[in-house]
Amino acid sequence: QVQLVESGGGLVQAGGSLRLSCAASRSTINLNAFAWYRQSPGKQRERVAGISSGGTTDYASAVKGRFTISRGNVKNTVYLQMNSLRPDDTAVYYCRGTDTGLYIYWGQGTQVTVSS
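Numbering (our numbering), first residue to last: 89 to 204.
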């Protein structure tokens, strides 16, 4: 079974940066679109950023100008560069990938904690 594996989360002070990575556990699929979501305790999961098969990116207003989503050079990888982090960015961050058949894969999540 294919899984997406996130890494790069951790504890950082406000104003700091983190880079999240996401990679598929197997190369037998072709993921052509990706997105990052996050979920804080007591809140619904929200979309943070996305990148389409054509490279078009979109961002939630709360992170625009601070976060950057990009594809990796290795197949089925994506990154989320997070700068100027704030305490309200604290959440579990999830990677989502969509293959050419529109099947959706999710990662298990990585915790990001921003201290004030």
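Misleading hints may appear alongside valid ones.
Here are the computed lysine-lysine pairs in the DSBU-like style, where the Cα-Cα straight-line distance is at most 35 Å [as the list claims (entries may be wrong)]:
hint, residue 1, residue 2
1, Lys-163, Lys-131
2, Lys-152, Lys-163
3, Lys-152, Lys-131
Distance ranges between label pairs, derived from CB positions [what the hints assert, rightly or not]:
hint, residue 1, residue 2, range
4, Asp-187, Pro-129, 28 to 34 Å
5, Arg-154, Thr-116, 19 to 25 Å
6, Arg-107, Lys-163, 15 to 21 Å
7, Gly-96, Thr-145, 15 to 21 Å
8, Gly-98, Gly-130, 21 to 27 Å
For the record, the hints were derived by calculation from the structure and aren't laboratory data. For glycine and all other residues, C-beta sits at the position ideal for the given N, C-alpha and C.
Comparing the hints with the structure gives:
The suggested pairing of Lys-163 with Lys-131 holds, with an alpha-carbon distance near 32 Å, which does not exceed 35 Å. Only pairs whose Cα atoms come within 35 Å are accepted, and Lys-152 paired with Lys-163 is accepted, the gap being roughly 26 Å. Taking the CA atoms of Lys-152 and Lys-131, the gap is near 20 Å; set against the 35 Å cutoff, the hint holds. Our hint of 28 to 34 Å for Asp-187 and Pro-129 holds, since their Cβ atoms are close to 31 Å apart.
One distance hint, 19 to 25 Å for the beta-carbon pair Arg-154 and Thr-116, is violated here, with the actual separation near 35 Å. In this structure the hint that Arg-107 and Lys-163 lie 15 to 21 Å apart at CB holds, the actual value being about 19 Å. Look at Gly-96 against Thr-145: about 19 Å separates their beta carbons, and that is inside 15 to 21 Å. For Gly-98 paired with Gly-130, a C-beta distance near 22 Å keeps the hint of 21 to 27 Å intact.
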